[in-house]
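Colleague: So the protein sequences, as listed, match chains W and E.
Heads up: the first sequence runs through residues 1 to 276, numbered per my numbering.
Heads up: the second sequence runs through residues 1001 to 1382, numbered per my numbering.
Rather than coming from a laboratory, the hints here were simulated on the basis of the structure.
Note that the coordinates shown come from a computational prediction; the quantities given were computed from them, not determined experimentally.
Treat the hints loosely; a few may be bogus.
Claimed, not checked - A short, non-exhaustive set of chain E residues, derived as facing chain W with CB atoms under 10 Å: (1) N1029; (2) L1050; (3) I1064; (4) A1073; (5) A1078.
Said to hold, decoys possible - One side of the interface only, derived from the structure: several residues of chain W facing chain E at Cβ under 8 Å: (6) K16; (7) K46; (8) L70; (9) H71; (10) T73; (11) R76; (12) T82; (13) M86; (14) K88; (15) H112; (16) A272.
A virtual CB, placed ideally from N, CA and C, is assigned to each residue, including glycine.
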Amino acid sequence: MEQMTKITYRYLRTKKKFPSVWCSGCGIGIVFGTLIRAIDNLKLGKDQIALVSGIGCSSRMPVYADFNTLHTTHGRALAFATGVKMAKPELSVIVITGDGDGLAIGGNHFIHTARRNIDITTILLNNNTYAMTGGQYSPCTPFEKYGTTAPFGNVERPFDPCDLAKGSGAVFVARGTTYHVIQLQKLIEKAIVKKGFSLVEVVCHCPVIYGRLNREGSAVEMMKWQRKHAVSIESAQRMSPEKLKDKFLTGVLWDIEFPEYCEEYEKVIARAQGRS
Amino acid sequence: MEEKVKEKKEILLQGNVACAQGALAAGLNFFAGYPITPSTEIAEYLAKNLPKYGGKFIQMEDEIASISAVIGASLAGAKAMTATSGPGFSLMQENIGYAYIAEVPCVIVDVQRGGPSTGLPTKVSQSDTMQARWGTHGDYHSITLAVSSVKECFELIIRAFNLSEKYRTPVILLMDEVIGHMREKVTLPQPEEIKVFNRWKPTVPPEWYQHFEINPHFISPMASFGEGYRFNVTGLTHDPLGFPTAKAQEIKDKLDKLRNKIEHNINDIVQVKEEFMEDATSAIFAYGSAARSARQAIRIARQKRIKVGLIQPTTVWPFPDVYMEHMSDKLELILVVELNQGQLVNEVLRTNCGRARIRRLNRYDGELITPDEIFKRLREVR
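Make the full structure from the sequences, and use the hints.
Modeller: The structure is reproduced here in C-alpha cells:
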C-alpha cells in the first residue's frame, strides 16, 4: 500500500490544488490512482501523456495530475482530444469522462470518435448519475432506479457503454470496477497500448449521491455489490444464462484490429504530396 | 543564365478559395469543419490542399466538435481554424467562449447567410455582426474582422491569424454569401510580402512557467502540450497557473487581463479603410459586401459633386470608437448601410452622442443592396 501511494504521489500536483473536490468514499480516486499506476507501469513519461476531460466529478481528475492536462466543456472532451491527437500524434491521449458527460451531452462525439478509430483511450467512469449537480438521472441510470429528476423511478432504458462503443467501431472495449483494481489496472494498460479507439468502462460507486438516493448503503457496501455482481468474461463462459441474469461482465469484451485514423491520415498526406 | 523575373499575376479567384489560400499563407496546419452553405468551399479546398503542405484536415460530426478539435489542436501547437455559417456559428458559441477564457489562438470564419435559424442558406446577410461580439455568455472581448472583397478575404484571414497568435485569442472573420461565392480578379501578394506572426513561446524553465501569466503586456507566452511544460487548461475561471479559482481577486485579475490585452492594443487591432474622405462632409459607413455597393454609390455621388466618402471598418470588433468619435465631430451626416435590420448602426449612434446626423439604410431580404438604392437614400437624407 505504501509503495502504491509513493507511486501515485510522484504524479500529483501536490503543491497546487488539493484537497480534491471528491466526496469521502468516492470511487473516482481509486480510478485515478489505478490510472497513474498503469501509466507508471507502462513507463510513459509525464510529458507524453495528454489527459483530457469534460465536465463532471470524474472530469476533475486531470487538474490534479502532473501531465499535459485539458479540462474542456461539458461533453466535448473527445472532440478536443481529437484535435490534440491529430496535431501531436506522438502524445498518448487519454480521455476521462463520465456517463452523463460522455454518453448524454457527448454521445455524438463518443460514437463518432469510436467510428473514426483515432488512437484515444477513453476511461468512462459510470456512476449511474450526474453526481456533480446532485444526482439527476443519467443515460446510465438503471431502469426504475432513482434520481432527483426521476423521483418516481427512472422509466428510460439505460445505455450499455461497452455495447455502444463496440457498435460504433471501437477496436478495444473493456469493463472494470472500482473494486477489482488489479484487473482495472491491466485493462487500462491494455487500452493505452492498443492502437485505435479504446474504451474502458469503470463501474464506479458513488455512495454520497447515487448511493443515498437509491439506498445502496456505504462505499463498502456498494463495492461489495460490485464483487457480487461482476463476472469476468472468462468465468461467464462457464456459467448458465440463469446464473448470469443479474450479473455484469468485466474484462476485455472486444478486441479487434482496424487501421488507426492518424496513421491513415499520414497516408493521405503522402498521397496529396504525390509520394505514394 | 536568364534570371527569372517574378511577375505579379492577376488571377480569377472565388472568395472562399481566397480565404483558404490566405489561411495557408498564414501558416494554417489544422482545419476542422462541418459542411454548411455558403462556407463549404473553404473546407473542400483545404481538404485537398492542406495535406499537400503537411497540414491536417478533418470533417467532424458537427460544428461543436469542429471548434473543439480546433482548440485542442491549437493547444498542441497547431495553427488552427474552422469555417462555418450562421447555424454552425451558433453551435460553436460555447466553445468560442472556452477559447476566450483559456486564451487559445484560433480563427473562426463565418460566411454569413440570412437568419435566424436555418434562414436563407444561399442568400446574403450581415446579421451575425452582433453575434460575433456577444455570441457566447460571460464577459469577454472579441476581435472580429469583416471582408468586402476577394482580395480582402486573402489579406484579412492572414491578419486574423496574426492577431489571434499575437493576442492569444480567437479571432472571427466575417464573410458573407456574396463575397464567399463571388469570383473576382485579384493580384495576390508574393509569399515574401506576407508578414506572419507566431505566438510567443516561453523562455523560462518549466518550473517557472505560468500558462496564464499576468504581466505588464497582458499577453502570456504560450507553450504547447508535449513540450515539457505540463500546464493545466480549463474553462473554469482560473489563476495564472491554470487551476480553477474561487478567489475574488484572482477572478477579477483574469477578467481584467482578457479585457486589457485587447483594450491596451486597440490601435494595433482596429483598422478602418477610408475612401474620398479628405474633403467629405458626409460619409457612408459600411462594411462587408455592403461596402462594395457603397463604394460605387459614392462614385455616382462624386460625379454629382456630392462630398461624400466611405468609412469601411475592416475591424468591426472592437468597434472603432475613437475614430468614429472623431468623425462625428468632423462630419454632418453618416449614413450607415447594413444587410440586416440595423446592428452596427447602434454602435455608430453610441459613439456619435448626437453630434452628426445618423441615418440608416437596411436591406434584409436576402438580396445584395445596390449602389442605386444607396445613392437614392443618400439624396433623401442630405
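Colleague: Hint by hint, say whether it matches the structure.
Modeller: Hints and how they fare:
1. The restraint placing E:N1029 at the interface with chain W holds, with a minimum CB-CB distance near 8 Å, inside the 10 Å limit.
2. Look at E:L1050: its Cβ gets to within about 8 Å of chain W, closer than 10 Å, so that hint holds up.
3. Look at E:I1064: its Cβ gets to within about 7 Å of chain W, closer than 10 Å, so that hint holds up.
4. Restraint check, E:A1073 versus chain W: the minimum CB separation of about 4 Å is within 10 Å; hint holds.
5. Given the 10 Å rule on beta carbons, the hint for E:A1078 holds: about 4 Å separates it from the nearest Cβ of chain W.
6. With its C-beta approaching chain E no nearer than about 6 Å, W:K16 sits inside the 8 Å limit, and its interface hint holds.
7. Taking 8 Å as the C-beta cut-off, the interface hint given for W:K46 holds, the closest approach to chain E being about 6 Å.
8. A least Cβ separation of about 5 Å between W:L70 and chain E falls short of the 8 Å threshold, and the interface hint therefore holds.
9. Interface restraint check for W:H71: the shortest CB-CB distance to chain E comes to about 4 Å, inside 8 Å, so the restraint holds.
10. Because the smallest distance between the Cβ of W:T73 and any Cβ of chain E comes to about 5 Å, under 8 Å, the interface hint for this residue holds.
11. At about 4 Å, the closest approach between the beta carbon of W:R76 and any beta carbon in chain E falls short of 8 Å, and the interface hint on this residue holds.
12. Annotation: interface hint on W:T82 holds; nearest CB of chain E at approximately 5 Å, less than 8 Å.
13. At its closest, the beta carbon of W:M86 sits 5 Å from a beta carbon of chain E; the interface hint therefore holds under the 8 Å criterion.
14. Annotation: interface hint on W:K88 holds; nearest CB of chain E at approximately 4 Å, less than 8 Å.
15. A hinted interface residue such as W:H112 counts as satisfied when its beta carbon comes closer than 8 Å to some beta carbon of chain E; here the least separation is about 4 Å, so the hint holds.
16. Because the smallest distance between the Cβ of W:A272 and any Cβ of chain E comes to about 4 Å, under 8 Å, the interface hint for this residue holds.
Taken one by one, the earlier hints all hold for this structure without exception.
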